[in-house]
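Asker: Chain residues, written in single-letter form:
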Amino acid sequence: MSILINKSTRVIVQGITGREAGFHCRDMLNYGTQIVAGVTPGKGGSWVLDEKVPVFDSMKQAVEATGANTSIVFVPAHQATDALYEAADSGVELVVSVTDGIPVQDIVKVNAYMKNKGVRLLGPNCPGVINPGEQKVGIYPSDCVIPGRIGVVSRSSSIAYMTMARMKREGLGVSSCVGIGGDLICGTTFVDVLEMFEVDPYTDKILLMGEIGGLEEERAAKYVAYQMSKPVIAYVAGISIPEGKHTTHPGAFIDGGIGLAREKLEAFKTAGIKATSNWMELIDLLK
Amino acid sequence: MKLQEYQLKNIFRQYGIPVPDGRVTSYAREAKRIAETINAPVVVKAQVLAEGRGMSGGIRLARTPEEAEDFASQILSSKIREIPVSKVLIDEAVLIDEEYYILITYDRAEQVPVLVMYDTGSLYIETAANSLYENLERVTIDPLIGLQQFQIFDLASRCNFPQKYQRKLFKVCLQMWKIFCEMDALLVAINPLAISTDGRLLALDGKITVDDNAFFRQQTLFDSQPGLVSNMTEYEAQKYGMCYFKMDGNIGVLANGAGLTMSCIDYLRHRGGRPANYLDMGGSVHDQKAEKALRLLYEDPRVDAIIMNIYGGKTHCDKVAEGLLRSLSSNKRKIPTIVRFSGTNADIALEMLKGSLIATVPDMPEAVDKVFEFIGAPSNEYIN
Numbered sequence: 005m006s007i008l009i010n011k012s013t014r015v016i017v018q019g020i021t022g023r024e025a026g027f028h029c030r031d032m033l034n035y036g037t038q039i040v041a042g043v044t045p046g047k048g049g050s051w052v053l054d055e056k057v058p059v060f061d062s063m064k065q066a067v068e069a070t071g072a073n074t075s076i077v078f079v080p081a082h083q084a085t086d087a088l089y090e091a092a093d094s095g096v097e098l099v100v101s102v103t104d105g106i107p108v109q110d111i112v113k114v115n116a117y118m119k120n121k122g123v124r125l126l127g128p129n130c131p132g133v134i135n136p137g138e139q140k141v142g143i144y145p146s147d148c149v150i151p152g153r154i155g156v157v158s159r160s161s162s163i164a165y166m167t168m169a170r171m172k173r174e175g176l177g178v179s180s181c182v183g184i185g186g187d188l189i190c191g192t193t194f195v196d197v198l199e200m201f202e203v204d205p206y207t208d209k210i211l212l213m214g215e216i217g218g219l220e221e222e223r224a225a226k227y228v229a230y231q232m233s234k235p236v237i238a239y240v241a242g243i244s245i246p247e248g249k250h251t252t253h254p255g256a257f258i259d260g261g262i263g264l265a266r267e268k269l270e271a272f273k274t275a276g277i278k279a280t281s282n283w284m285e286l287i288d289l290l291k
Numbered sequence: 181m182k183l184q185e186y187q188l189k190n191i192f193r194q195y196g197i198p199v200p201d202g203r204v205t206s207y208a209r210e211a212k213r214i215a216e217t218i219n220a221p222v223v224v225k226a227q228v229l230a231e232g233r234g235m236s237g238g239i240r241l242a243r244t245p246e247e248a249e250d251f252a253s254q255i256l257s258s259k260i261r262e263i264p265v266s267k268v269l270i271d272e273a274v275l276i277d278e279e280y281y282i283l284i285t286y287d288r289a290e291q292v293p294v295l296v297m298y299d300t301g302s303l304y305i306e307t308a309a310n311s312l313y314e315n316l317e318r319v320t321i322d323p324l325i326g327l328q329q330f331q332i333f334d335l336a337s338r339c340n341f342p343q344k345y346q347r348k349l350f351k352v353c354l355q356m357w358k359i360f361c362e363m364d365a366l367l368v369a370i371n372p373l374a375i376s377t378d379g380r381l382l383a384l385d386g387k388i389t390v391d392d393n394a395f396f397r398q399q400t401l402f403d404s405q406p407g408l409v410s411n412m413t414e415y416e417a418q419k420y421g422m423c424y425f426k427m428d429g430n431i432g433v434l435a436n437g438a439g440l441t442m443s444c445i446d447y448l449r450h451r452g453g454r455p456a457n458y459l460d461m462g463g464s465v466h467d468q469k470a471e472k473a474l475r476l477l478y479e480d481p482r483v484d485a486i487i488m489n490i491y492g493g494k495t496h497c498d499k500v501a502e503g504l505l506r507s508l509s510s511n512k513r514k515i516p517t518i519v520r521f522s523g524t525n526a527d528i529a530l531e532m533l534k535g536s537l538i539a540t541v542p543d544m545p546e547a548v549d550k551v552f553e554f555i556g557a558p559s560n561e562y563i564n
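Each protein sequence line maps, in turn, to chains A and B. Just so you know, my numbering puts the end of the first sequence at 291, numbered straight through with nothing missing. Just so you know, my numbering puts the end of the second sequence at 564, numbered straight through with nothing missing.
These are computed hints drawn from the structure, not numbers from a lab. Take these hints with a grain of salt, some might be off.
Label pairs and their calculated CB-CB ranges [claimed, not checked]:
(1) B/Ile325 to A/Gly48: 30 to 36 Å
(2) B/Asn190 to A/Gly261: 27 to 33 Å
(3) A/Gly248 to B/Cys361: 52 to 58 Å
(4) B/Ile276 to A/Gly261: 26 to 32 Å
(5) B/Ser509 to A/Gly46: 43 to 49 Å
(6) A/Glu24 to B/Gly379: 56 to 62 Å
Capping the alpha-carbon separation at 30 Å, the derived lysine-lysine pairs in DSSO-like fashion look like this [to be verified]:
(7) B/Lys358 to A/Lys119
(8) B/Lys494 to A/Lys56
(9) B/Lys387 to A/Lys113
(10) B/Lys358 to A/Lys113
Per the computed footprint, the stretches of chain A lying under chain B, defined by three or more beta-carbons under 8 Å from a beta-carbon of chain B, are [claimed, not checked]:
(11) 61 to 70
(12) 108 to 115
(13) 154 to 162
(14) 196 to 209
(15) 213 to 223
(16) 246 to 255
Idealized CB from N, CA, C, for every residue including glycine.
Construct the complete structure from the given sequences, taking the supplied hints into account.
Answerer: Right, dumping it as structure tokens:
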């Protein structure tokens, strides 16, 4: 139980008839997520996932018929923008974009449009959100995490999986994990998620996992120092990546001395936050 | 993707942003002819995507066409920051009265485009908008309505931009915005925009970076800039949709996911090990991709041991194991390979590797322990 999603979350899967979406939908259903509908234009009227989930032609129809409040988008990058606008117009409150490779220009517009409508965008290029043991709207491997009272927020999905799996080994559980995504512009930021964790009664402390590029970690550090009472522990990936080298995350690169791991660690430490670039040390800090 | 100076000047021309008279060439003799046509002192500029071209002798002022030929031939046979120069731009030399720096880029914090203007050359233009210095004059652009003229007017007056040239400035900025949108740019910059002593407003140099995610709708643009990889391995990896770059060590690292790869390299270095590369196989790894990735590392003579760190989500570990087993034929030097499988189908994958010479470990720290068992532990810990 925790932030962004809960028992009353009713999910529509956009692009449900795709292969990857099918795999993850089944996984989400098995985990306990209420998947109430799927949308694939032209395939309305059919049923998928052992005839359990109805497919609609449009988001509007799907929301009207099911009263869904959340959508997750698996549509490929070159068609995703349209799907995101459609979601924004449909009446859902939260849109999770798993898709990677969406042009920044499109995301910036979608994000502005959704903000005007009061719809929250999570992602793109993100693993979604999971409340361990309850439900997940995303692509987290189900067995990587156990329930607990540590809130996790991460730019990288793979670091989140690996770290939570290690936490599980050490008996450390998670209240919610939110992946904000590895792109240049993310709909939901570290600060947005910290704000939610701060008032969440199920979260005692927060693990923030950042990486090189941008100044989002620096902003988070400032926010923690001035606005938060709960303890935060931070990890920054990429301290050994040379300047100018591009990683697979469009947002993770150092340019003109901006986005250095060193600076981010320094910002966290200045804000009184325990921070490290050594992954094993992080596990010790969490204990 | 970054564009070369001559490419972006051609784009500026097409969009009606004034640039100095000039042309690009690969031949010193043609440089002379271009200089003769321009019929004035010229600047000979190396066309490479490197910072500090001026400092490394890549920009020279030639007073005569003969001098232009001479400089062009020198520059064309040189390397700038390790990159061989294959083209030079011959531009009319402009006497500058005043200069301004203008850029449009995304403000990552505000999540919107911004137009920034300042009048000092001491800043690194690519980061001006996203630095922590908040003192630069800027206007934020609503992505849904675009840059408006009143915003440019506002910015110009805050920067004391000469009134006489304001109309021209409006056009320059609006056209920059048009380029920014139409080309899916992440950055369009003019550095500097000069007012010349003979009263012209000119873009003397600039920068355009195009969003790699927009590849599918900017194909012609991407075709114009082939092969920006620095070695064959990078190229091979790219072909398979993987991300690779060389580092200076002897331990090959590969993983699935940017974060996983980074944290693996970082952790290895914290323990004193020296990674030979960054190799991220990306989101959904199938057997061919895994096979290719491992072959690239097995064929690298610098590599003494390999750590493969796989957390299966979208990726199925058994597929990776399949690729791994197939790649072993290229492991001629019997390089120790340490594998960590976790997540989707990890149990099947581990079963598949039984009886092979592959060492398996439960987690990343144990992988590093194991590597040191094979090639010896480093004598001192790496300190960041």
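Asker: Could you run down the list of hints and mark each one as holding or not?
Answerer: Hint check:
1. B/Ile325 to A/Gly48: 30 to 36 Å: Taking Cβ atoms as reference, B/Ile325 and A/Gly48 lie about 34 Å apart, which means the hint holds.
2. B/Asn190 to A/Gly261: 27 to 33 Å: holds (31 Å)
3. A/Gly248 to B/Cys361: 52 to 58 Å: violated (26 Å)
4. B/Ile276 to A/Gly261: 26 to 32 Å: holds (27 Å)
5. B/Ser509 to A/Gly46: 43 to 49 Å: The hinted range 43 to 49 Å holds for B/Ser509 and A/Gly46, with Cβ atoms some 46 Å apart.
6. A/Glu24 to B/Gly379: 56 to 62 Å: About 60 Å separates the Cβ atoms of A/Glu24 and B/Gly379, which means 56 to 62 Å holds.
7. B/Lys358 to A/Lys119: holds (24 Å)
8. B/Lys494 to A/Lys56: Given pair B/Lys494, A/Lys56 holds - Cα atoms ~23 Å apart, limit 30 Å.
9. B/Lys387 to A/Lys113: Holds, at roughly 23 Å.
10. B/Lys358 to A/Lys113: Given pair B/Lys358, A/Lys113 holds - Cα atoms ~15 Å apart, limit 30 Å.
11. 61 to 70: violated (count 0)
12. 108 to 115: holds (count 5)
13. 154 to 162: It holds: at least three residues are needed, and the segment 154 to 162 of chain A offers 5 whose Cβ sits within less than 8 Å of chain B.
14. 196 to 209: Violated - the segment 196 to 209 of chain A has 0 residues with a Cβ nearer than 8 Å to chain B, which falls short of three.
15. 213 to 223: Holds, because 8 residues of the segment 213 to 223 of chain A bring their Cβ atoms closer than 8 Å to Cβ atoms of chain B.
16. 246 to 255: Coverage by chain B holds for the segment 246 to 255 of chain A (8 residues, Cβ < 8 Å).
When held up to the earlier numbered hints, the structure conflicts with 3, 11 and 14 and fits the remainder.
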